[in-house]
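Colleague: Please work from the sequences and hints to get the whole structure.
Going down the list, the sequences are from chains A and Y.
The first sequence begins at 1 in the working numbering and counts up by one.
The second sequence begins at 1 in the working numbering and counts up by one.
Hints may contain errors.
[Unchecked claim] When the alpha-carbon atoms are kept at most 35 Å apart in a straight line, the in silico DSBU-like pairs for lysine-lysine are as follows: (1) Y:K102 x Y:K66; (2) Y:K102 x Y:K201; (3) Y:K3 x A:K355; (4) A:K355 x Y:K66; (5) Y:K3 x Y:K102.
Quick caveat, the hints were computed from the structure, so don't treat them as lab data.
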Amino acid sequence: MGRWLSLRSGGGGLSLRVKLLLAVTAVAVPVLVVLLWARRSLEYRAEVESLHRFILGRMEDGRWACEESPETFPAPPRPRRADGPREGPESGGRGGPPTRGEPDRRKPGGREERGPRTDGAPRGPGPASPGRGGPPIDLFAYAPDFRSANPAAPPFPGELKDELLAGADRADQRLVDGDRRGIRVAARMAWDEGPCVFVVATRRGEGPGWLTPNQLLAAAAQALALALVACVAAGPIVARVRRLQGEVRRAAHDGYATSVTVAGNDELAQLAREFNEAGAEVRRQFRAVEEREETLRSFVANTTHDVMIPMTVLQGHLAALRDSEGAPDPALLHDAMAEVQYMTSLLRNLAASAKLEAQEHELERDPVELNPLVERVVARHAPIGRQKGIELNHAVPELALRAAGDLTLLEQAASNLVHNAVRYGVAGGHVAVLLAADSADWSLRVIDDGPGIEPELMRRLTQRAARGHEARSRHPEGQGLGLHIAREVARRHGGELLLRRSEHGGLEAELRGPLA
Amino acid sequence: MAKSRVLLVEDDESLGSQVLGHLRDAGYEADWIRDGSEALGLDPARYDLWILDLMLPGTYGLDVLKHLRASSDVPVLVLSAQDDTRVKVRALQLGGDDYLTKPFWPEELVARVQARIRRPNAVQEGRIQVGGLLLELDARRLTVDGLEAELTRVEFDLLAALARRSGSALARADLAESVLDPAREGTERTLDVHISRLRKKLGPYAGCVATVWGVGYRFDRGAAD
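Modeller: Shown next, in the form of structure tokens:
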């Protein structure tokens with residue numbers, strides 16, 4: 001039992017077996033009590049039936065005797081022995097007429113023998129107590145006023161009287177009065193006149209229908225045996241639970257890399273299976289977290305790298321400007337500005353990328369005025385375009401166009417297209433930014449006459465679902481991250497990014513989305 | 001013409017002094033206060049435009065904006081360090097006219113300021129006058145250096161559309177849609193023909209109708225001077 005008790009569910013819990021034992025006891029004891037009670041009730045009913053039949057049988061033949069001499073009834077009508085009739089009351093002390101001629105079986109108080117009669121009594125107690133040599137039966141007759149002519153008869157029992165008065169043909173009661181226990185049945189006869197209309201039969205003693213100490217003892221023994229059987233039967237289950245427990249502990253220890261044994265198809269096997277599934281889910285989430293961490297690590301590393309390069313270039317330019325004599329070299333200035341612009345764009349794109357990944361499902365939906373958005377984007381790139389010798393033009397319609405979405409993301413998407421066009425344009429080149437309404441869509445086109453991009457690369461940039469960190473290297477696909485974000489932003493706003501060769505030989509990028 | 005007055009509310013010393021320098025270089029009369037709560041006591045009407053940094057010590061920039069909007073509709077250009085959509089959207093909802101996210105180029109700032117306090121076009125009672133050009137919209141008449149020019153309906157409408165938004169480029173498609181009747185004057189492709197005829201009739205002011213690469217046309221007031 002010590003081993004059993006060791007299987008605890010945490011501190012202070014009961015072992016499975018003890019719980020089982022208690023549960024079986026808790027169930028078995030009431031069940032046994034109920035069974036005993038039911039049995040006792042059935043036996044009682046049968047005994048009442050038996051007494052009733054006994055009365056009816058006795059009175060069938062004994063009516064005339066009773067009516068003839070009610071004061072001595074149930075003395076035998078034709079006593080076998082002459083001394084019989086008057087013998088009882090004096091000898092019995094407890095009253096009641098003598099009922100039988102057989103002295104050895106006659107009891108005081110007008111008792112009737114039950115069971116087989118030797119005195120010619122017409123009928124036995126009936127099939128309800130076949131062959132049972134039970135305790136003696138008292139029998140008294142009463143008139144309709146519930147008085148008995150027999151001086152030995154006790155007063156008519158009150159409760160039974162009430163029942164009979166209420167119309168019942170029969171009433172019974174259990175006598176629980178100390179040593180005078182027994183069963184009493186009162187019956188109404190088929191006639192309603194004379195001194196023998198009601199007959200009361202009483203059987204004393206622990207007859208059927210009583211719980212004996214032995215019975216209770218037996219019941220307790222049964223309950224105990226049941227509990228022990230349950231305990232033993234629980235053995236294999238307890239063993240399996242213990243095995244599962246050990247395996248679970250091992251699995252938890254090694255990060256749910258191993259699974260537990262699934263044997264069979266019962267609840268325990270189901271538990272093991274579900275544990276394995278939960279373990280797989282934990283592993284999956286571990287992996288996802290690790291992947292995210294790895295992404296973040298490489299993201300930070302790459303970002304640092306990407307920012308350090310333009311920083312270095314910028315430092316060089318600034319040093320050169322410091323050392324230059326006279327007017328600064330415009331080309332140098334332009335390069336320095338372009339590096340700053342690149343860094344700004346890169347950092348904004350990284351923020352946008354993080355935002356896109358964080359808000360995988362939910363996007364902010366505010367009304368976004370597109371005309372000022374375009375003007376902001378153009379104004380942001382005008383200085384660098386001017387410095388580079390690129391003409392940056394734009395037009396917005398007179399009508400204010402409005403989208404619904406994330407202001408920052410939409411602006412960054414537009415900014416990326418313009419930034420690319422300016423960045424990859426050449427001196428003397430042009431960039432045009434056109435905002436227009438196209439049926440239910442808004443359309444932002446950025447057209448340049450720069451070198452454009454190879455058809456193969458254009459296809460890849462359009463089709464590839466590049467992750468941010470794959471698409472962000474400066475060369476040779478420096479446009480990667482910006483275009484990737486522009487496309488992703490368009491997609492998330494219910495629109496698209498289209499790339500095509502512009503009619504001026506460069507690139508035409510079009511961002512579209514539904515108007516609000 | 002009196003200088004426009006701009007108020008800068010910015011707590012950062014170096015950024016503030018830089019912006020102040022750019023504004024003055026651009027020809028504005030600019031004042032600078034560093035504390036948002038100080039801004040609450042100012043008379044908004046003294047300035048033609050406010051430049052408001054959202055992250056101010058003492059008080060939140062949006063609160064200043066709210067307070068300002070309770071009594072005035074002076075243009076407000078919001079400076080935002082954070083790329084936070086919520087704050088920008090809130091600023092626009094509270095009545096901010098525009099915003100500029102740091103970092104920005106000085107020219108960018110000046111361009112946004114100019115766009116906000118640009119003097120209304122010289123469109124007065126249906127008349128647009130640029131140098132010797134006089135466009136009377138209601139009478140549908142163009143006078144070039146005192147001589148009335150004979151314009152077709154399309155030419156007049158083109159000129160009027162461009163002049164109404166002088167300084168801004170108009171997309172060819174937009175122009176064609178608003179001016180050309182497809183059944184009679186054709187589509188976008190015929191726009192250039194109409195424009196070149198118009199330019200001829202403008203004589204010395206032909207340069208006022210500028211071709212904008214990739215976009216369309218723009219009415220340049222400067223070309224008339």
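Colleague: Work down the list of hints and note, for each, if the structure agrees.
Modeller: Hint check results:
no.	hint	verdict
1	Y:K102 x Y:K66	holds (22 Å)
2	Y:K102 x Y:K201	violated (47 Å)
3	Y:K3 x A:K355	violated (43 Å)
4	A:K355 x Y:K66	holds (28 Å)
5	Y:K3 x Y:K102	holds (26 Å)
In terms of the numbered hints stated before, the structure departs from hints 2 and 3, listed from lowest to highest.
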